[in-house]
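Protein chains in written order, with our numbering: chain A, 19 to 333; chain B, 23 to 528; chain C, 28 to 378; chain D, 157 to 444.
These are calculated hints, taken from the structure and not from any lab test. Just to be clear, a hint being listed does not mean it is correct.
To be verified - Reference excerpt, derived from the structure (chain B facing chain D, CB under 10 angstroms, subset only):
{"id": "1", "residue": "P92"}
{"id": "2", "residue": "L109"}
{"id": "3", "residue": "L353"}
Note that beta-carbon positions come from the ideal geometry of N, C-alpha and C, so glycine has one too.
Okay, here's what each chain looks like letter by letter:
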Amino acid sequence: RDLSQATGDPGKLRVGIVFDSGGKDDRSFNAAAFRGVQQAAKDFPIVLRDAEPGDPASLEPAMRAFAEVGYDLVIGIGFAQTPIVEAVAKDYPKVNFAIVDGVSSLPNVASLIFKEHEGSYLVGMIAAHTSKTGKIGFVGGMDVPLIHKFQVGYEEGARAVNPEIQVIQNYVGVTEAAWNNPGKGKELAVAQIGKGADVLFAAAGNSGLGVFDAVEQLDKLVIGVDSNQNWVKPGHVLTSMVKRVDNAVYQIIGDLVNRRFQGGIHVYGLPDGGIGYAMDQYNEKLISPLVIQDVEAAKAKIIRGEITVTDAMAQ
Amino acid sequence: MLELREITKRFAGVPANDRVNLTVAPGTIHALVGENGAGKSTAMRIAYGFYGADSGEILVEGRVHRFTSPHDAIRLGIGMVHQHFMLVEPMTVAENIVLGLEPGSPFALDLKSAEARIRALSDELGLAIDPTRRIEDLSVGQQQRVELLKALYREARLLILDEPTAVLSPQATAELFTILRRMRAQGKTIVIVTHKLSEVLDISDEVTVMRDGRVVGHRRTAETNAAELAHLMVGRDVLLRVVKPAAQPKAPVLGVRGLAVTFKGGEKRLDGVSFEVRAGEIVGIAGIEGNGQTELVEALAGLTEGGAVSGTIELDGRSVAGLSVRQRRALGISHVPEDRHRRGLLLDFDLQENAILGADDRPPVAVGPGRFWLRRDEIRRKTEKILAAFDVRPPDPERPARALSGGNQQKLILGRELDLQPKLLLVAQPTRGVDIGGIEFIHRRLVELRDAGCALLLVSSELEEVTALADRLLVMRRGRIVAEVDPETTSMEEIGLLMTGGSAAA
Amino acid sequence: MSFLRQLLFPLAAVAAAFAVGALVVLAVGDSPLNTYALLIGSALSWPDGIGYTLFYATPLIFTGLAVAVAFRCGLLNIGAEGQLYIAAFATAWVGIVLAGWPAWLLVPLCILTALLTGGFWAAVPGVLKARFGAHEVITTIMMNFIAVALASYFTQYHYKPPGDPILQTVPIGENAHVARIGALVPGIPERIPLNLAFPLALAACLLVYLFLWRTRWGYQIRATGANPAAALYGGIATGKQIVLAMSLSGALAGLVAVNEVLGYRYRYYDSFSAGYGFTGIAVALLGRNHPVGVILASLLFGALLRGGLFVDIFTEHVSKDLVMVLQGVIILFVAAEALFRGRGEKRVKSV
Amino acid sequence: MSILLILLASAVRQATPLLLAALGGLYSERSGVINIALEGLMLAGAFTAASVTHYSGSPWLGLAAGIAAGVLVALVHGVACIRFKADQVVSGTAINILFLGVPALLSGALFQSTGATPQVPQEQLLPIAPIVLAFLLVPVTWYVLNRTPFGLRLRAVGENPEAADTAGVNVARVRLAAVLLSGALAAIGGAYLSIGQSSLFARNMTAGRGFIALAALIFGKWRPVQTMLACLLFGFAEALAIQMEGVSQVPVQFIQIVPYVLTIIVLAGFIGHSRAPRALGVPYQEKR
Ligand SMILES: Nc1ncnc2c1ncn2[C@@H]1O[C@H](COP(=O)(O)OP(=O)(O)OP(=O)(O)O)[C@@H](O)[C@H]1O
Ligand SMILES: Nc1ncnc2c1ncn2[C@@H]1O[C@H](COP(=O)(O)OP(=O)(O)OP(=O)(O)O)[C@@H](O)[C@H]1O
Ligand SMILES: [Mg+2]
Ligand SMILES: [Mg+2]
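Only chain A is shown next, with the shape it has when bound in the complex (with noise of 0.2 angstroms):
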């Protein structure tokens, strides 16, 4: 009967994890969150437990289990998720959360946010200076705000090497099943090859990986997002914007058990590491230092703030 011992020792720091529709093994935004509270598990004594929904409808019940039950820190991955942690944060007050990607007001809920633009303005320039045919790509998963950031700062990037380029792009869709569609994704990828596009940047979970299919199959570029993703199709894999969510929950869960927790927001950028791009032995050969050197030019202007990369969703 007693459902708090059923859910996990008690005597133990407690933290819940929701991911998104995507779910964890993403190999993008929920993996990176997974591999930051996994870690967290491994360095502290804690009890973590995840949920992972698969639809919109069933984010909410799952935070509020966790909550009902007593955990000591409920994270939310996703910006779907923001008015959730609202309404559960109101009916829990002394439980703690953290939503990623999403901005709350209440004192029990820390916002971790991430300067995406700003990334998206690196790699855009990355996939300018690749492109031979002028033209590349950007495959969003859901229509919505948070993806435009993406889109709109990758587009700023690649006109600030060649203004003359063309930036063809599409959505997976438009509800939550857009994360998850990646044989869409691929179909769009191939529109995108077939109108000549040859550098490919994926912001779209687990549709990404569909794009991934498609330039490897038609030999083509891709850049991937969230997570490290070079590893995933060496070769064909430009460079990945990086968004360093397992750094930013990591953090969080060592906040509470240090008794640090605060709410409030937290922002991730350029300058903290938590947004980049990602070099490593998968992809070196494929980019220039030349063109290395002209990023972290841009790279140290946007930190010092000569370069504004507009914000799509603060508009």
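Guided by the hints, dock chains B, C and D with the ligands onto chain A, whose structure is given.
Okay, now just chains B, C and D with the ligands, sitting in the frame of chain A:
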């Protein structure tokens, strides 16, 4: 060639074949005759392995065989043409014929060679069947010849034909008989099931008569005549007598003129039928089943499906032809349908809900605006009244109708329909499958109803029944009324001959 | 007594399904004992467990009833899902457009909208069946896709709050809200979304019972389902009954909107239904197409949904898909009833 | 490549899983057994194929295992409907619900995932074989139905099982064979989705394709060539929706519902009457 020994077969405890013995000599045409439900089809289906017998033996060429499926019979050279054709309509003649016995390899059906063989067989007997045509494009007569070919193709040496002429025109019948004679000449043995005595006398070498699931006689055709066979078929010795005073017919209630029912392709199952029924009389319709009786009753009740009704139907001088079933019922037409399971009952519903079928809109059962509500207490009271008045056993209103015996189901339906105090009762096969006690009860009720001033139209394929009950008797054949006779003065043999077309009298 | 006998078979099917489920749990490497303890414990805890179980049961009562009513007329309504989607959108639309209207008028109007929209959406396959003989299984499935696409279109292009990352409409007016049970009954926290739709569902069961067994229309619908030929003989216009039964079925499915839109989310939310329409088929089958059975089956499935969530989160390997497996096995056992009864002849339903 | 060619190629790819499932449904339904379980059969095939390919590294082994899974699940449907005379629609529905759950549950146990398998490397994906197979199966199916003894028996038991029975055909055996065949074909369709078109199994990845296949089958009047055309039409609508999205002014939802609206129109009899096999959905009770 074929011998059935002491074959018994029961359906739900009711014997359809009761120790049937039948011997068919090789190279002969053997007729099997009997009234509807005598058990002819059952016996033949057993001989073909389609049904298993409960007891008894089947001998083919003197050796006992056990049949587990038609497969076994086919192997022994037995072929059967069923009363209802066993053909797959959208497929071609050749496809139907080779079904189950396909020539060629499993990967390539050799229809060409089959078609050639079928053409040869067809030519040999003068059947004129094109093996490449679709069954649905053929006339019934042609379909029947396909059935014949099917058996011949399987090299059947014994051919069973179950009522092959029921669906044929006189010319087609004559052609069929020519073919059968040719087949006999080729050494085949033929069993032909029929009602029509003229045909028996025409085609057969020997004849066996069945009644009530038993064999009641065996004759050489040359040594008998229609009168004797009709006598054996109807079995005067167990004749039922209904005590009834002379009818006092009053004003006409039902007037039917030129009624026809036409189905697609111009097939008329009812053709120019005219008659009237007066208050206080029972008009009987005698005829072999399938001669338009069902279509007549359904047309009068408003239940014709898939066919066009033309002609006049008047109730008390007012046309009802265009009215719905419900409107006709409201005007006082009640109906006891021939198939109580399909039409008459909601088998899974309890007796109460069956007691209001067709009358659910009448007070005091239905009350309120639009007669929306059903009153449970009134339904129960009505049901109990019917169960008591018609001696339905057990009189438990909450039992499902399925749980009643056939006779009690029939009494329930009759009770329900009579409870509406109809002006006109259409009653078809009122005692089919009902035991003797039940039959008497039902007959008495029908006569009482007549004497109360109701007009009754009675359809029954039991000749005894119609002759005993009817005040006037109409004989139907091929969708027409071929004669009106006085049941008091006309002998059953005569009526039987009219029904079966055994004499030219009309 | 006969009622108990009626229960026996569904109980056996449930027990069999749980046994199969236990094997599945073992196979994926968890303890069936712990899993079922967590499942049952979380479904029955007070107040959240009970509250959520009843909350999840509510839409299932509506869809279960919907499927049952159609079934009583011999129709399989696989379209409850589409009917409840379109009804939910329409209900939200009225709640948005007429947000200023007083509650005493707006709430009934919203409920009426749910009924009418759901009813209309189901009437289409009903008419197609009655008029053209189009099989309702196929048409209702097609109507499902159309409903979801239409609701999604209107939400996305016309009623989404600007900049909202989630595919949902703007909120409905406060006056369209249906009260939560927590606001009325002390001791139940208001965070539990159980709302007045639950008593409405129970009332719907009573009304459906009265309609089917105490009124002429109900009788005619059931007669049509039991034996169309006999119904025609009794003067019942079977085509009309088919349309009526489908409309009623759709209206009941539409009432899910009261629970989800008026009582819980206060807006239309894309893909809000966790397959309620399809689970309704299982509910109706298990509940033997009887309102009381529907309530019992809904409570069971509601408990499974609530418990499934806890099993999903707090076990190592078992996911809430266990619930789907349990449902599937229950229906399969109920469908192949003959398996338990020997090789009895079943009523043959022609297409 | 011109846009039209891209569109057509995409339509063919989208039509392939539909066609495989629809041809599977064709065998089952022409034999008289409603197969609404195509969705579940596809899911079973898709999941098994992806899992086995992941472990074995061979897509052919994966495909074979997927087929085996489809046949096994079809066996459940067949036995329930043929042997136990279960309502065919209800049995199919049960299987659909069951296979929404089973792959997800197994993926949890096998891959610590909720509903997905690990990604299969590109070189281990099925080549275009399933596409070729699907379209090759159209004439093959036509041939089997019309030019082999099995096809003859199959059509006969679907139209008039009693006639077939009297002709010595074992109705139950033919129907079961047809249902198993439909399981195999639907499973190939599923496998194409998971290890052909994409490179992993994702939760409910058929997304209603089993039902659309059924609709295509009815649209195609239960005939192979017409069914293929219907699948191509549906595939074309899907391809169009993909290409038009974000490009044209027409909301994608409207393109997506075209096949469904068309199907309803067809069912309402506006485009010729679609006659089902006469014994479809009716369990056959042997008399003996
Ligand atoms: N499959 C069956 N199930 C139940 N009862 C049956 C079945 N077949 C025949 N009977 C019953 O067995 C009896 C004999 O029927 P059978 O068909 O053998 O008669 P018949 O002599 O061929 O009559 P008809 O001239 O009408 O064809 C009838 O009472 C009939 O109702
Ligand atoms: N001697 C025979 N005379 C007539 N028909 C025969 C004979 N032997 C076999 N047949 C028919 O040939 C067909 C094929 O026979 P076979 O024994 O190969 O059956 P099968 O292919 O196993 O068919 P099923 O699957 O129906 O049993 C059967 O339908 C049977 O009716
Ligand atoms: Mg007969
Ligand atoms: Mg788990």
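Comparing the hints with the structure gives:
| no. | hint | in the structure |
| --- | --- | --- |
| 1 | P92 | holds, 5 angstroms |
| 2 | L109 | holds, 6 angstroms |
| 3 | L353 | violated, 35 angstroms |
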